[in-house]
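There are 4 protein chains.
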Amino acid sequence: MMKKIAVLTSGGDAPGMNAAVRAVVRKAAYHGIEVVGVKYGYEGLTNGQFEELDLGSVGSLIQRGGTFLNSARFPEFKEDAVQQKALDNLQAAGIEGLVVIGGDGSYRGAMTLVAKGFPVVGIPGTIDNDVPGTEYTIGFDTALNTVVEAIDKIRDTATSHENSFVVEVMGRDAGDLALWAGLAAGAETVLIPEEAYDLDDIVERLERGAARGKKHSIIIVAEGVMPGHKIAELLEAKTGKKTRVSVLGHMQRGGSPTARDRVLASQFGAYAVELLMEGKAGRAVGVRNHQVIDYDMPEAFQKNHEADMSLYTLMKELSI
Amino acid sequence: MMKKIAVLTSGGDAPGMNAAVRAVVRKAAYHGIEVVGVKYGYEGLTNGQFEELDLGSVGSLIQRGGTFLNSARFPEFKEDAVQQKALDNLQAAGIEGLVVIGGDGSYRGAMTLVAKGFPVVGIPGTIDNDVPGTEYTIGFDTALNTVVEAIDKIRDTATSHENSFVVEVMGRDAGDLALWAGLAAGAETVLIPEEAYDLDDIVERLERGAARGKKHSIIIVAEGVMPGHKIAELLEAKTGKKTRVSVLGHMQRGGSPTARDRVLASQFGAYAVELLMEGKAGRAVGVRNHQVIDYDMPEAFQKNHEADMSLYTLMKELSI
Amino acid sequence: MMKKIAVLTSGGDAPGMNAAVRAVVRKAAYHGIEVVGVKYGYEGLTNGQFEELDLGSVGSLIQRGGTFLNSARFPEFKEDAVQQKALDNLQAAGIEGLVVIGGDGSYRGAMTLVAKGFPVVGIPGTIDNDVPGTEYTIGFDTALNTVVEAIDKIRDTATSHENSFVVEVMGRDAGDLALWAGLAAGAETVLIPEEAYDLDDIVERLERGAARGKKHSIIIVAEGVMPGHKIAELLEAKTGKKTRVSVLGHMQRGGSPTARDRVLASQFGAYAVELLMEGKAGRAVGVRNHQVIDYDMPEAFQKNHEADMSLYTLMKELSI
Amino acid sequence: MMKKIAVLTSGGDAPGMNAAVRAVVRKAAYHGIEVVGVKYGYEGLTNGQFEELDLGSVGSLIQRGGTFLNSARFPEFKEDAVQQKALDNLQAAGIEGLVVIGGDGSYRGAMTLVAKGFPVVGIPGTIDNDVPGTEYTIGFDTALNTVVEAIDKIRDTATSHENSFVVEVMGRDAGDLALWAGLAAGAETVLIPEEAYDLDDIVERLERGAARGKKHSIIIVAEGVMPGHKIAELLEAKTGKKTRVSVLGHMQRGGSPTARDRVLASQFGAYAVELLMEGKAGRAVGVRNHQVIDYDMPEAFQKNHEADMSLYTLMKELSI
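Residue numbers (our numbering), protein chains in the order written: chain A, 465 to 784; chain B, 465 to 784; chain C, 465 to 784; chain D, 465 to 784.
Think of the hints as simulated: they come from the structure by calculation, not from any bench. There may be inaccurate statements among the hints.
Stated by the list, open to error - Heads up, simulated BS3-like pairs for lysine-lysine below, C-alpha to C-alpha not over 30 Å straight-line:
{"no.": "1", "chain 1": "B", "residue 1": "Lys-679", "chain 2": "C", "residue 2": "Lys-580"}
{"no.": "2", "chain 1": "C", "residue 1": "Lys-542", "chain 2": "C", "residue 2": "Lys-468"}
{"no.": "3", "chain 1": "D", "residue 1": "Lys-678", "chain 2": "A", "residue 2": "Lys-679"}
{"no.": "4", "chain 1": "D", "residue 1": "Lys-503", "chain 2": "A", "residue 2": "Lys-705"}
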């Protein structure tokens with residue numbers, strides 16, 4: 465029976481990471497397992513920045529954005545000697561398993577430890593929703609609501625002045641955030657990396673709307689397509705109409721997690737502990753068909769994430 | 465090919481109903497079908513309170529709480545003569561299909577029209593998430609977040625004063641809202657209709673927490689179990705400790721819908737139109753395994769809604 | 465020159481209390497003065513529950529609701545021996561001045577220490593806005609916005625179903641919260657302790673509105689007038705119309721403070737330190753005519769708080 | 465006795481404009497005066513885009529962002545012939561007075577009508593809080609809270625990754641939004657147009673904080689000082705540390721108004737009607753020393769707006 469495990473957060477922070485750490489700590493406590501928090505992701509793992517986490521450490525944490533364990537970029541973890549040092553730290557501390565919360569990049573680091581025989585389980589935590597193998601990642605629902613609330617505000621101005629706005633949203637190479645936000649905010653057009661865009665078609669749709677009496681418009685562009693100001697320039701060149709730009713930026717990453725993200729994080733955290741208790745290693749937690757499941761971690765970086773393109777079709781039909 | 469359909473909202477209002485009506489109107493417009501809005505649910509259907517809905521009618525509606533078509537209780541719709549009058553109104557207006565948005569009670573009314581040969585499709589819209597056959601109803605996600613935000617606020621006071629609070633939440637005979645909120649708000653205990661509660665066990669858990677240094681607690685009770693003040697009295701009698709009560713009440717029904725509810729409402733609205741176009745009648749729209757599906761409407765009132773009891777187990781383990 | 469001061473929060477918690485403590489600590493640090501936090505208000509003062517507060521202790525605290533120093537009821541502080549014990553604790557710890565954050569009740573406790581020669585300065589912190597001598601107290605603006613957001617949600621339902629709602633809000637003997645909320649939420653009627661109500665007049669106004677086509681209504685009642693369900697019964701008896709009740713309850717006390725409350729708390733905290741540095745004692749901080757000012761603490765419990773009755777007149781005219 | 469007045473919104477939209485129009489309509493109705501809404505500001509005044517506003521027109525409007533009367537830029541209003549056309553429209557419609565809601569630019573247009581003998585009263589509506597003669601403008605409190613909530617979110621990420629962030633906020637030539645937000649969000653530094661900045665001093669403060677263990681920082685820059693990316697570049701050049709930039713953009717203008725903005729808007733709207741009823745012309749409404757007052761409109765563009773520099777000093781002391 466396992467006695468002590470560790471948990472770290474890695475990559476870009478996401479709302480719900482704290483809720484996941486809390487669930488790891490509480491689920492472990494329920495089974496009499498000690499938990500060590502690793503600060504600053506793989507960097508802290510390598511430097512031995514460990515702290516004991518008990519039930520008190522995670523009080524009032526479920527509603528907090530960001531990650532209290534901190535996160536850091538640490539490309540040095542690609543080196544074998546660095547990985548070995550991390551492993552030595554884990555073993556010296558009597559740690560028998562590790563939970564890694566982050567994106568697919570964080571899973572790569574995890575697999576190097578697994579390859580050296582150390583059990584690691586991954587939890588998908590990123591607002592981009594771009595981890596292959598799971599329908600949702602922790603943080604996506606919160607970021608989505610943040611984006612939609614921001615666009616609701618921008619629409620107040622767009623409607624008052626009858627302006628066109630381009631809103632650039634995050635998502636790296638994935639269009640999920642843009643796509644869901646477009647549908648939820650009732651945007652006129654969404655540009656996502658998964659689908660080639662046709663400038664003439666966009667312009668025609670805007671003009672059709674205008675002819676029908678619609679005098680403002682919101683065009684959402686995923687950062688993976690092109691910068692917001694760029695598409696605004698292209699549209700202005702075609703339409704001759706001033707197009708404003710709003711880049712939502714880093715506020716998309718923060719904030720108190722939504723109920724959905726807190727529940728998902730709790731499910732994932734508890735399930736990751738179960739997997740470690742069962743002796744599983746190199747597994748990633750996810751949700752498919754409304755069920756919490758696990759799968760081989762490498763799937764997450766060998767496959768590509770697939771957006772739900774039925775939403776794209778729906779969005780096009782509803783923004784008639 | 466269908467030329468004109470109608471849409472109504474019935475039963476308790478839920479955030480996202482407007483987004484669903486908007487999707488019905490826009491999807492229909494996309495296919496060249498006219499839409500008539502029926503005011504005041506079945507009452508308006510019987511009285512012929514119809515209004516034309518075009519793309520302009522549903523502008524800036526996706527983010528609005530409540531239902532702009534209004535809703536009403538109308539027990540008279542059980543009578544055959546009343547149903548016949550409604551049917552006459554529909555036919556006189558050249559309406560060939562009807563979309564009903566509401567809970568399972570609303571589906572009963574719909575089935576009487578189906579029995580008379582009129583095509584009706586149902587969309588589950590209620591914050592209670594208690595419509596059998598679908599994992600989620602429109603409005604649940606918004607109400608859940610409203611509840612969780614309220615409990616986050618109550619916890620500020622509970623923590624400051626080290627008090628115990630009972631929070632009563634809605635849900636009629638279903639515990640979903642209480643259960644999800646309990647997990648998401650990190651409540652100490654949740655009482656739901658689906659699971660018998662043991663007062664001694666609750667008290668023991670609270671005392672175990674207190675012994676460990678936890679000086680405040682939040683107990684969530686679904687309205688279907690008993691009123692909040694009642695459970696507070698029972699707890700006070702056992703613990704001798706003052707227990708405060710908060711009944712969240714009707715604010716749980718309102719507010720701008722979350723992104724998730726807007727997307728779900730859009731999917732349901734568009735899908736309902738497709739079903740009518742395909743000549744389907746007496747079908748209810750739902751979501752299962754992450755897919756929008758349809759099923760025979762009577763399932764929704766012949767079966768019982770099942771809460772996801774894995775969340776109950778998880779909640780118990782995490783509130784250790 | 466003062467070297468060490470203490471700060472405590474007392475009475476009901478209010479959003480912004482943490483921001484005020486933060487300002488005390490930072491302003492003191494700016495002048496090289498040490499700060500001790502007293503836990504649990506006067507109870508902790510009596511029991512010597514002190515903790516050093518430095519710049520790090522108050523990091524990320526400005527946005528937090530509640531009070532991290534905790535608060536407690538402690539009627540025993542009326543006894544001279546208890547006061548003397550508190551005084552001994554303060555002197556034993558080398559503390560030369562005290563900042564008390566709370567309502568007028570908290571000021572009474574403070575004055576007993578002042579009477580014994582110990583310098584105390586008071587900061588008004590309560591959501592009720594009922595401290596005489598200051599136009600605003602810390603927490604009022606946040607609670608007001610919480611109430612208004614809740615009523616906005618209730619109005620969604622009231623509009624959809626064309627119902628009448630009574631909403632009971634906090635405020636003890638003061639009507640400020642009810643009055644401001646009534647104006648801001650566009651309520652039909654507000655009942656406050658400062659103004660006798662006339663049931664017939666209320667009913668007549670509601671009926672006049674109904675005759676004009678207004679089919680829903682929101683009546684706000686301050687808890688100091690009567691319980692919400694009581695006025696609902698009175699109205700139902702007169703109108704024969706079902707009137708729903710919502711008691712907003714303890715969620716009104718919590719939540720992240722608004723910008724306004726954070727700024728006010730920062731001004732008050734810093735100014736309190738200045739007063740102690742100048743050797744002032746028995747002074748209360750406040751805001752009048754848009755200026756931060758100070759006045760003799762007893763004014764706060766010898767006079768009565770006055771609501772801005774011009775808002776009442778305005779509310780009546782606008783809810784025509 | 466006046467029988468009919470008009471109201472328009474002009475310049476950038478601000479949350480609370482709708483609440484002000486609602487107050488104009490309701491106060492006028494209370495006195496039996498008809499109200500005409502002018503669409504698109506001065507452009508609609510010139511083109512005669514008028515619509516009758518009654519109590520029903522302004523229902524459920526108090527909580528709505530933007531301006532339902534729309535706003536527009538219309539430099540042509542500088543021409544005498546254009547002004548005359550507007551005047552003719554007003555007189556042809558039997559309108560005897562006009563309420564203009566906007567910034568000081570909107571007051572200039574108003575004064576040209578006053579010079580021609582037509583009574584106009586101005587209400588300050590802009591998020592920038594930059595109208596001389598009044599302590600607050602409608603929309604400022606809402607925008608301030610929007611900014612602070614966004615920075616709270618950005619701080620989650622800044623804290624998790626220990627990053628430095630520059631946040632650019634609106635305000636044209638006024639620093640109020642940046643200054644208040646800096647104080648309320650606990651920013652490390654604020655740059656406003658009213659005060660020369662010293663790059664070396666900023667860097668020294670950041671380094672002093674870092675030496676003390678503070679590893680993240682938020683620098684707020686008012687758009688009137690320089691673009692966010694520019695100050696980030698200057699800081700990076702000095703510190704050698706990556707500095708991220710977030711330009712909050714147009715979302716600052718939208719959203720449901722705060723309670724404070726709704727109350728202020730209601731007071732201003734009602735008072736403007738009173739002024740017209742008393743035969744006043746060329747007066748601007750404002751708030752000074754906690755009192756609603758009026759003053760000669762030209763003051764608003766002949767004087768400069770003054771920020772409350774005591775907040776700047778306070779901010780510097782508290783961000784030690």
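Each hint, compared with the structure:
1. Annotation: proposed proximity of B:Lys-679 to C:Lys-580 is violated, straight-line Cα distance about 34 Å (limit 30 Å).
2. About 26 Å separates the Cα atoms of C:Lys-542 and C:Lys-468, which keeps this hinted pair within 30 Å; it holds.
3. Only pairs whose Cα atoms come within 30 Å are accepted, and D:Lys-678 paired with A:Lys-679 is rejected, the gap being roughly 48 Å.
4. Note on D:Lys-503 and A:Lys-705: the hinted pairing holds, with a Cα-Cα distance of about 21 Å set against a maximum of 30 Å.
Figure legend: structure checked against the earlier numbered hints; hints not met, in rising order: 1, 3.
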